[in-house]
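Asks: Construct all of the structure, not just a fragment, from the sequences and the given hints.
Which chain is which? The protein sequence lines are A and B, in order.
Residue numbers for the first sequence follow the working numbering, so the first one is 6 and each next one is one higher.
Residue numbers for the second sequence follow the working numbering, so the first one is 607 and each next one is one higher.
Hints listed in this document are in silico derivations from the structure and should not be mistaken for laboratory results.
Computed from a prediction, not measured in an experiment: that's the story for all the values here.
Please note that a few of the clues may not be correct.
[Stated by the list, open to error] Straight-line alpha carbon distances no greater than 30 Å define the calculated DSS-like cross-link-like pairs of lysine-lysine that follow:
no.	chain 1	residue 1	chain 2	residue 2
1	A	67	B	617
2	B	976	A	68
3	B	617	B	674
Here is what each chain is made of, one letter per residue.
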Amino acid sequence: MRRRLFLKAAGAFLLWRSLNPIHAQAASTPTLIDRKTFAAFLNVLIPADEFTGSATDLQVDKKLWELSESDQNLLRLIETGCKWLNLTGGPPFTELTSEQQVSVVEWMSESDWNQVPRRFYELIRQAAIQHYYSDPASWNGLAINRPPQPLGYPPPWA
Amino acid sequence: MLEAGPKFNPKRDYKLDQPDWERHMFPDLPGSQGQFTIDTLDLLDPEEKELRSWNRVSGITVDGNKRKPNGPGYWHVHGVGGSTLHFGGESHRIHPKAMQLRSKYSVGHDWPITYAELEPYYTICEQLVGVAGPTKQGERWRSKPFPLPSHPLSTPAKILVAAGKELGMHWQENSRAALSKPYNGRPACNYCANCTRGCPLGDKGSADVTYIPKGLSSGQLILKPECPVVRIFPEPNGRIKAINYLEGGQLQLVETPILILAAGAAQTPRLLLTNKHLSHPKGLANSSSQVGRNLMETLFWNSTGFLPGLNNSHMGLPTDAICWDFNAPDAIPDVSGGCRLVSSTQEIGFTGPIAYAARAIGGFGHDLKKTVRANFGSAISVTAIGEFLPNDGTFLDLDPQKTDGFGIPLPRLHSHLEPGEIKRLRFMASKSRSLLQAAGVKHLVEEYGAWDFFSTTHTFGTCRMGQDPNTSVVDANCLSHDHPNLYITDASIFPSSGGGESPSLTIQALATRAADIIASGNALKPSVPG
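Replies: Next up, the structure:
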């Protein structure tokens, strides 16, 4: 299954290479499909577990869409990435099983840096991490439970 | 005092009490960054690839075959308090031998004053700032103890002290401009580990909570933020008569009996070079043609790994432990100019989960979250900073094309690493790696350094101090050789960078000495080693 999915993803990747580069795409209002696809992708990057919620539980998707309202490059990146995720030749990304979704993202994470899948993966991963771990709800299980100030971290530390 | 930048409000501008604190570096307020450009940087020699920057998430961080600026490349702050607002707060005296590079080691330049002459002013500044430090620092002899005791060591610092001992190195508490006890109405540090993002407590000894309040309380200081100086007018005899500055967008003219410039190693020479007059066709203070020459940048290296069993390395005071063993100019084999090593986990930003997930732990999904949880608080980092000897390819001039909003050319930085700098960097990287290995680190997660990144935080030279008016810009008292009432009191006057010492305390000591000479006509008597 993983291999088949990989081949589908690879096919889509090759297809993408013949399409326009990211910067040539016109930005528009995000569709419901884009919103669902993006949310699913973010939850593959940062899923829920026994300690903390998923990316969408902490509203990372909402925050990034909000940011994209004033950042056309980000909007184009998200739209282009979501389109790519749904171009794999099979069902839309949201309808893949969890395992299949993970396989697609795994492939993206190892693909060519200069192409859309990898660029989308890396940039959205960084943005998602920034917003996810900025929320104290993500700190459960870590050795922090508050911002560094105003209380600081008085010793002892061992 | 005319300050080009704004006055920061720590409670409003610094975000360390906010949930998203980790996303905020030191704030970039309007007017708080000077404009400059950077010329094409060195090509990278593949033979030196073990010095390339990388991390676990991004892999190689500098693509291509050229050195690149990291962020702005030249890090500084325009504002009341200047770059001390974002400094880590290391408070160092320069190594006495690093002031005699030319006469003792036949490289670089000598300082026209001695450590003994500067020592009384180091002491005054340490007392004013409230520096916390150990009783001894090797060859940095002192006439009085530090005003405050050293800070307790953080968990990674303790590990490095022990690892250093195993390797025959001597590590000790670093001297820090951060209060280990309440001092002069300021509170003690609470060890939040994020000095460089701006200290909201006021325990960090930045100039806005130390020198500036003292000046204001004297009733003699009028402070004008957001008032950049744009023109300086000399009389035909060289005396500076007046300056133009901007206030609220309006050009103001003020006469000055004495002009003291302290705009940093980029903007001070820019002011001098852009103020050409018939009597001074090469710019002010530049009869020697040395303004802009002798630029020295930060030669740095960082290595980081995770150490299983190490906890809470995100807590404590940054750069709390230091090794001076290789700091003397002859301490590194086969190259003149020293370096120092420091515990730097917090200083380089491994203080929150974003840094771990964005720089040191790759991947995604359950594994990512699990690995962040398993490793958070176990990062351990070593930073080395070394001497940068002046060379002909590293200098500042005026950009022939780019100007600011008033048509004044921007300063342009040129940087080149000589083989000696590469050799020193190799040594610094090697020591950093061997320390982490001795500490028990199996795999590094990030390294970065000056070989492929131009990233200068300590920036020196460009208005060098010296005895000879033909080869220097100011004399031993910071007074211009060309203008009888123009002083320069920033790091642009350093004849040498030192062996990696942080420069703030030395800038302050030089400036205080110059102020003493202006006010009383004399400097204090040199100290005598005890």
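Asks: Run every hint past the structure and note whether it holds.
Replies: Here is what the structure says about each hint:
| no. | hint | in the structure |
| --- | --- | --- |
| 1 | A/67 to B/617 | holds (29 Å) |
| 2 | B/976 to A/68 | holds (24 Å) |
| 3 | B/617 to B/674 | violated (35 Å) |
Of the hints listed earlier, the one the structure fails to meet is number 3.
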